[in-house]
Amino acid sequence: MKKVTPVDIIIFIIFLSICIISFTLYTNVSGKPEVHVTIDDKEWVYDLSEDTTASFTGPIGDTTIEISNNRVHVHSSDCKNQICVTSGWIDEPGEWISCLPNDVFILIKGQQQIAQKEETDDISF
Amino acid sequence: MTSHSKVRIDLVALFAACTLFLSTIEYMIPKPVPFMRLGLANLPLILSLGIFKNREYFLLLVLKVLGQGLISGTIFSYIILFSLAGSLSSAILMFLTYKLFKDKVSRVGISLTGALGSTITQLIVSRIILFKEATYVIAPLFLISGLITSIILGLFASEFTTKSIWYAQLKEQAV
Numbered sequence: 000m001k002k003v004t005p006v007d008i009i010i011f012i013i014f015l016s017i018c019i020i021s022f023t024l025y026t027n028v029s030g031k032p033e034v035h036v037t038i039d040d041k042e043w044v045y046d047l048s049e050d051t052t053a054s055f056t057g058p059i060g061d062t063t064i065e066i067s068n069n070r071v072h073v074h075s076s077d078c079k080n081q082i083c084v085t086s087g088w089i090d091e092p093g094e095w096i097s098c099l100p101n102d103v104f105i106l107i108k109g110q111q112q113i114a115q116k117e118e119t120d121d122i123s124f
Numbered sequence: 000m001t002s003h004s005k006v007r008i009d010l011v012a013l014f015a016a017c018t019l020f021l022s023t024i025e026y027m028i029p030k031p032v033p034f035m036r037l038g039l040a041n042l043p044l045i046l047s048l049g050i051f052k053n054r055e056y057f058l059l060l061v062l063k064v065l066g067q068g069l070i071s072g073t074i075f076s077y078i079i080l081f082s083l084a085g086s087l088s089s090a091i092l093m094f095l096t097y098k099l100f101k102d103k104v105s106r107v108g109i110s111l112t113g114a115l116g117s118t119i120t121q122l123i124v125s126r127i128i129l130f131k132e133a134t135y136v137i138a139p140l141f142l143i144s145g146l147i148t149s150i151i152l153g154l155f156a157s158e159f160t161t162k163s164i165w166y167a168q169l170k171e172q173a174v
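Each protein sequence line maps, in turn, to chains V and W.
For the first sequence, the residue numbers in numbering that gives the first Met the number 0 are 0 to 124.
For the second sequence, the residue numbers in numbering that gives the first Met the number 0 are 0 to 174.
So that you can see chain V by itself, here it is in the shape it has in the complex (with noise of 0.2 Å):
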């Protein structure tokens, strides 16, 4: 048997472009960030930057959200006590709005800006 054959070739080949593909699957979800609108398991992504509207159908009634100026609000929904809308806009990745009786969940996924939020502590300046 030798050493190394064209197979074993082709099968290094093929894993290591899995391997590269794996990291540009990491710099995606680091990458900018995305509005995502969980509703009854289907989910829905907008880019954050993209102006627009959108609306859901949920178990009791519509749900509208509106992206605007690289940031995203419930604009109404057909809930009792309008949480939602009260939550007003968010912008930060990690940062979302639930409307639990309509089953709507906005989340923005992507890289958080640490340089940016980073502020000098007071105490330890």
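Please note that a few of the clues may not be correct.
Here are some chain V residues the structure puts well away from chain W; computed CB gaps all over 10 Å [as the list claims (entries may be wrong)]: (1) Phe14; (2) Ser21; (3) Thr56; (4) Gly57; (5) Trp88.
Sample of chain W residues with no beta-carbon within 10 Å of chain V, all distances over it, derived [said to hold, decoys possible]: (6) Lys5; (7) Met27; (8) Tyr56; (9) Leu58; (10) Val61; (11) Ala84; (12) Lys103; (13) Val104; (14) Val107; (15) Leu142; (16) Leu146.
Some but not every residue of chain W turned toward chain V, in silico, with C-beta under 8 Å [claimed, not checked]: (17) Gly72; (18) Ser76; (19) Leu111; (20) Leu115; (21) Ala138; (22) Pro139; (23) Ile143; (24) Phe159; (25) Ser163.
In short, the hints are calculated from the structure, not lab data.
Here a beta-carbon is modelled for each residue, glycine too, at the ideal position from N, C-alpha and C.
Place chain W on chain V using the hints.
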């Protein structure tokens, strides 16, 4: 049924003992992430291809999974799912690769397929039950470490298959 078609239980037991021993060694080596593994226990499986009959090979596989669970103490916890899924898919992939290519593929290639199969399966399992979305973060680390360790393991296995007199004897018996 002639004695020739029977499972050579003593030979399988020897290989299974090797798996257990190598699992113990692997368990002792500290790892940065608990599920990252060197795949040392895969070595007997890689070597057994070509000298074991199909049923002997799969018997060894079952013994490997049970033995690993026993050694690491995870046999009755959900962690065995990782080991089970990883071992099953890697063993089946290695088996198919060997049957498809025979002497066109070396032990390095077989080892690589095994590592690829087990890593991807474990990532899928961890995506479902443990880390959810965070799996993307650990995926590159898992894959790269699997790539490196499986090449080293494969090189060792191919050295062993060409140099060992004991192995050559076993191979003659198998034919």
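Structure-based check of each hint:
A beta-carbon of chain W comes within 10 Å of the beta-carbon of Phe14 of chain V; the shortest separation is about 5 Å. For Ser21 of chain V, the condition that its CB be more than 10 Å from all CB atoms of chain W is violated, with the nearest at approximately 4 Å. No beta-carbon of chain W comes within 10 Å of the beta-carbon of Thr56 of chain V; the shortest separation is about 25 Å. The Cβ of Gly57 of chain V lies farther than 10 Å from every Cβ of chain W, with a closest approach of about 23 Å, so its non-interface assignment holds.
At the 10 Å boundary, the C-beta of Trp88 of chain V stays outside the reach of chain W, the nearest C-beta of that chain being 24 Å off. No Cβ of chain V approaches the Cβ of Lys5 of chain W within 10 Å, the least distance being about 27 Å, so the stated non-interface status holds. Listed as a non-interface residue, Met27 of chain W keeps its Cβ farther than 10 Å from every Cβ of chain V; the least gap is roughly 27 Å. Under the 10 Å C-beta cut-off, the non-interface status given to Tyr56 of chain W relative to chain V holds; the minimum distance is some 18 Å.
With a least CB separation of 25 Å from chain V, Leu58 of chain W remains clear of the 10 Å interface cut-off, as annotated. Even its closest Cβ contact with chain V, about 26 Å, leaves Val61 of chain W beyond 10 Å, as expected for a residue assigned away from the interface. Consistency note on Ala84 of chain W: stated as away from chain V, and its beta-carbon is indeed over 10 Å from all of that chain's, at 18 Å minimum. The claim that Lys103 of chain W lies off the interface is violated: its Cβ sits roughly 5 Å from the closest Cβ of chain V, which falls inside the 10 Å cut-off.
Separation of Val104 of chain W from chain V is inadequate, the least Cβ-Cβ distance of about 4 Å not exceeding the 10 Å criterion. A beta-carbon of chain V comes within 10 Å of the beta-carbon of Val107 of chain W; the shortest separation is about 5 Å. The beta carbon of Leu142 of chain W sits about 5 Å from the closest Cβ of chain V, which is not more than 10 Å, so the claim that it is off the interface is violated. A beta-carbon of chain V comes within 10 Å of the beta-carbon of Leu146 of chain W; the shortest separation is about 6 Å.
Interface hint at Gly72 of chain W: violated, since its Cβ lies 30 Å from the closest Cβ of chain V, which is beyond the 8 Å cut-off. Hint on Ser76 of chain W is violated. Least Cβ distance to chain V is approximately 27 Å, over the 8 Å limit. A distance limit of 8 Å between C-beta atoms decides the matter here; for Leu111 of chain W the minimum to chain V is near 5 Å, and the interface restraint holds. Because the closest C-beta pair between Leu115 of chain W and chain V is about 5 Å apart, less than 8 Å, the hint holds.
Here the hint on Ala138 of chain W is kept, as its CB sits about 4 Å from the closest CB of chain V, short of 8 Å. At its closest, the beta carbon of Pro139 of chain W sits 5 Å from a beta carbon of chain V; the interface hint therefore holds under the 8 Å criterion. At a threshold of 8 Å, the smallest CB-CB gap from Ile143 of chain W to chain V is about 6 Å, leaving the interface hint in force. Hint status for Phe159 of chain W relative to chain V: violated, with the closest Cβ pair at about 11 Å, above 8 Å.
The criterion of a C-beta within 8 Å of any C-beta in chain V is not met by Ser163 of chain W, whose closest approach is roughly 12 Å, and the hint is violated.
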